[in-house]
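Asker: Here are the chains, one letter per residue:
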Amino acid sequence: MGYTAIEKVLGRAASKPGARAGEVVHPIPDLIMIHDGVVQSSKLMLDKIGINRLSNPEKVMMVSDHDVLYGSAKAAERGSFNRKAARDWKVGNFLMSERVAMAIFSQ
Amino acid sequence: MFYFDNDTHATNAGAVGAFGMRLGPEITTVLATGTTWIEIPQTIKILLRGLLQPGVQARDIGFIFRVS
Chain L
1 MGYTAIEKVL
11 GRAASKPGAR
21 AGEVVHPIPD
31 LIMIHDGVVQ
41 SSKLMLDKIG
51 INRLSNPEKV
61 MMVSDHDVLY
71 GSAKAAERGS
81 FNRKAARDWK
91 VGNFLMSERV
101 AMAIFSQ
Chain F
1 MFYFDNDTHA
11 TNAGAVGAFG
21 MRLGPEITTV
31 LATGTTWIEI
41 PQTIKILLRG
51 LLQPGVQARD
61 IGFIFRVS
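Protein sequence lines, in the order shown, are assigned to chains L and F. For the first sequence, position 48 matches number 48 in our numbering, and the numbering has no gaps at all. For the second sequence, position 36 matches number 36 in our numbering, and the numbering has no gaps at all.
No lab work stands behind these hints, which were simulated from the structure alone. Predicted model only: the values in this text are computed from it and were never measured. Don't take each hint at face value.
Stated by the list, open to error - So the derived list for chain F, only partly shown, Cβ under 8 Å to chain L, looks like this:
hint: 1; residue: 11
hint: 2; residue: 39
hint: 3; residue: 42
hint: 4; residue: 65
We treat Cβ as the ideally placed atom computed from N, Cα and C, and that holds for glycine.
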């Protein structure tokens with residue numbers, strides 16, 4: 001029996017050709033996306049357990065598409081935090097919303 | 001292409017033949033380790049017949065499936 005597109009994609013990513021639906025795998029992603037709404041919680045969580053660098057920062061795409069124009073002081077503070085986190089983590093791709101679609105589809 | 005995302009919009013990548021998987025807060029595990037475990041999902045076939053009525057868009061069909 002043939003393989004579905006998802007089985008092929010995840011089998012390749014997990015270096016497990018022939019993987020089938022229902023199997024548990026550990027795929028290595030081509031890209032890791034995170035948006036501005038969760039950067040702060042993720043950074044604080046990782047800092048708390050002593051993890052101050054990312055496994056593959058060159059694969060990370062940090063997107064600011066929720067608070068692009070800061071409408072409040074809180075939003076501006078979070079934006080500043082996120083930019084610092086991107087620098088600290090050496091994130092490979094930090095993008096504002098208008099460039100997101102082009103960046104994703106060009107890869 | 002395969003990618004992990006924290007957001008539910010990850011599945012939009014299907015429009016260009018990529019597979020994006022939404023993890024939510026578990027994205028933190030991927031940031032730290034480079035991967036996480038997932039169960040390969042099944043694929044289902046949906047056949048739609050007929051025409052959409054005026055004013056009904058493809059997104060409306062998506063919402064029906066979402067709540068089904």
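Asker: Decide, hint by hint, whether the structure agrees.
Answerer: Each hint, compared with the structure:
For residue 11 of chain F, the suggested interface contact is broken, since its CB lies about 11 Å from the closest CB of chain L, more than 8 Å. Evaluation of the residue 39 of chain F hint against chain L yields a held restraint, the C-beta minimum of about 5 Å falling below 8 Å. Given the 8 Å rule on beta carbons, the hint for residue 42 of chain F holds: about 4 Å separates it from the nearest Cβ of chain L. With 8 Å as the threshold, the beta carbon of residue 65 of chain F stays out of range of chain L, its nearest partner Cβ sitting at about 17 Å, so the hint is violated.
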